[in-house]
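From just these sequences and the hints, can you work out the full model?
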Amino acid sequence: MTDAVHTETHGFQAEVKQLLQLMIHSLYSNKEIFLRELVSNAADASDKLRFKALSDDTLYENDGDLKVRLSFDKDAKTITISDNGIGMTRDQVIEHLGTIAKSGTKEFFNQLSGDQARDSQLIGQFGVGFYSAFIVADKVTVNTRAAGVSHEQGVQWQSAGEGDYTVADITKADRGTEIILHLREGEDDLLNEWQLRQIVSKYSDHISIPVEMWKAEEPESEGPDGEKIPAKPGYWESVNKATALWTRSKGEISDEEYKEFYKHISHDFEDPLKWSHNRVEGEQEYTSLLYIPARAPFDMWNREKQHGLKLYVQRVFIMDDADQFMPTYLRFVKGVLDSNDLPLNVSREILQDTKVTTKLRNACSKRVLSMLEKLAKDEEKYQPFWNEFGQVLKEGPAEDFANKDKVAKLLRFASTYNDEAVQNVSFDAYIERMKEGQEKIYYITADSFNAAKNSAHLEIFRKKGIEVFLMYDRIDEWLLSHLNEFAGKQLVSVTKGDLDLGDLEDAEAKEQKEKQETEFASFLERAKTALGDKVAEVRLTHRLTDTPSCIVAGAHDMSTQMIKLMQSVGQTVPEQKPVFELNPDHAMVKHVADIQDEASFEEWVNLLLEQAVLSEKGSLDDPSEFVSRINALLMK
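When we follow the numbering used here, the leftmost residue of the sequence shown carries the number 1, and every step to the right adds one.
These are calculated hints, taken from the structure and not from any lab test.
Distance windows between CB atoms, simulated:
#: 1; residue 1: E439; residue 2: K377; range: 25 to 31 Å
#: 2; residue 1: E439; residue 2: A632; range: 45 to 51 Å
#: 3; residue 1: A76; residue 2: K274; range: 42 to 48 Å
#: 4; residue 1: K404; residue 2: Y235; range: 58 to 64 Å
#: 5; residue 1: T171; residue 2: N192; range: 31 to 37 Å
#: 6; residue 1: D75; residue 2: K377; range: 56 to 62 Å
#: 7; residue 1: N631; residue 2: K489; range: 44 to 50 Å
List time: in silico BS3-like cross-link candidates among lysine-lysine, alpha-carbon distance up to 30 Å:
#: 8; residue 1: K381; residue 2: K202
#: 9; residue 1: K510; residue 2: K496
#: 10; residue 1: K564; residue 2: K453
Yeah, the Cβ is synthetic: ideal placement off N, Cα and C, and Gly gets one too.
Below you can see the structure in the form of structure tokens.
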């Protein structure tokens with residue numbers, strides 16, 4: 001390698017500077033992960049070269065023996081990690097080592113609190129890769145050359161991990177990347193062959209590329225019987241198994257190896273919650289190793305972010321983030337899929353349309369749902385998963401019709417069980433507790449938990465001890481538009497249509513209802529005339545016990561929450577008039593029904609409507625008119 005020429009200095013992207021400072025301090029207690037990250041990147045570079053060489057074997061440059069090498073120099077206080085993988089061009093060096101090209105980066109930094117323990121978890125979910133070198137090094141030098149370009153097109157990158165870095169042209173005889181870590185003071189314990197071998201064995205045993213360290217020359221010696229044992233010259237020795245973990249038998253893989261492999265492919269710092277390793281032979285031949293993380297990634301809600309599995313074909317790496325094999329609502333799943341049925345020259349475009357892809361996607365989806373179903377049998381263990389990923393799982397019934405029932409069994413909601421608002425109730429648990437004669441699953445949607453829990457629409461249900469699901473997440477309305485029954489039980493909103501409790505309503509109540517319909521018929525006509533086109537209909541309600549009035553949506557109309565949801569994303573919603581219901585047992589309604597003066601009657605009926613609208617929607621089109629009306633009636 002010749003001296004560097006044409007050197008340029010560049011400033012780090014602001015987020016890189018911030019990440020470096022946070023990482024050095026927050027992750028120092030687990031500093032040895034720097035080697036895991038750098039060896040992992042080196043192995044990925046070898047995988048990418050192997051894939052590209054399928055269509056152009058000249059990229060091997062007559063050296064197809066892919067490997068990662070690890071060495072150290074006690075005098076210079078350096079550790080060097082080198083590979084003969086794909087390498088980088090000058091532009092790629094600046095792109096990959098000078099910026100963080102991750103969606104959601106701003107949101108990630110906004111979540112940081114200054115608490116080192118909490119921030120280290122966030123940084124672990126974010127993934128630090130190459131930058132982990134600065135945990136132990138106060139200067140890093142990278143020498144690299146892309147496969148297939150001339151020796152003179154090598155690049156050197158150097159930085160002290162502060163405000164800037166330099167990029168220079170160099171001559172590099174061999175392809176690939178060499179990373180030299182100039183260790184900080186106090187890190188001399190890493191300049192130890194046994195220590196480095198232990199770290200590689202702990203974190204990188206499962207990598208399919210051999211990780212080699214220099215085995216020193218052994219001088220001539222004498223055996224126990226006096227025979228001479230000839231000297232052995234030094235050589236590079238593999239210190240990891242160098243066998244792709246998913247190709248090994250499950251019986252010979254320890255839990256620790258599974259966990260470390262997860263961290264290798266996900267760059268997460270925490271252990272996974274659960275995993276499933278399966279080899280399938282027959283009509284299709286493939287191996288899958290799927291993981292459910294313990295925590296949601298910081299950018300889980302960015303649906304545009306690439307997600308998916310690492311795809312291999314016949315053990316040859318093809319691509320990262322192959323999202324064709326995992327539906328979007330399971331985008332948190334990490335893992336590897338190795339197929340014998342796909343062509344080696346497969347592309348993302350080809351994957352979109354193959355029957356093999358569809359079958360593999362269905363199989364992987366069912367495998368994940370099966371894992372979750374087993375996990376859900378223990379509610380205490382399932383709870384942490386639901387807290388992290390429940391909102392994403394609610395996208396399932398709309399996206400995956402074939403598995404809609406399986407996903408529905410995994411959903412959890414708050415409910416009014418035992419006249420208390422309890423959380424995390426499943427559909428199965430609700431059905432087990434249904435009243436005798438109850439044929440429907442009742443629910444209410446609202447802006448918040450308190451709004452749902454305290455809604456006037458629940459009054460008759462509380463009186464009769466009927467459990468109602470309280471749904472207050474924004475996605476719940478979207479979910480319910482695609483999930484209208486479970487286990488043959490219809491899901492019914494308590495805020496839509498004319499309430500029919502069926503066999504739950506006794507004969508005496510039905511008789512009372514019919515009597516009141518007759519007694520209040522003229523009152524309802526007067527109220528409809530007074531309100532005009534503000535409402536679609538005025539009728540008596542039997543869903544209220546303590547509240548004078550409420551509004552409901554027609555049986556085939558959009559709910560109030562769906563209207564709010566659509567308007568919040570800029571969608572135009574057709575005008576929809578509410579059905580106005582009045583409680584004939586309430587003293588205020590009886591008082592209004594007895595008012596003879598039409599002007600006064602109109603004021604009172606409008607007030608009852610505005611109260612109902614305010615309670616249901618949380619706002620009024622003209623609040624000042626409402627206040628003026630209240631003041632005027634109070635003065636009387």
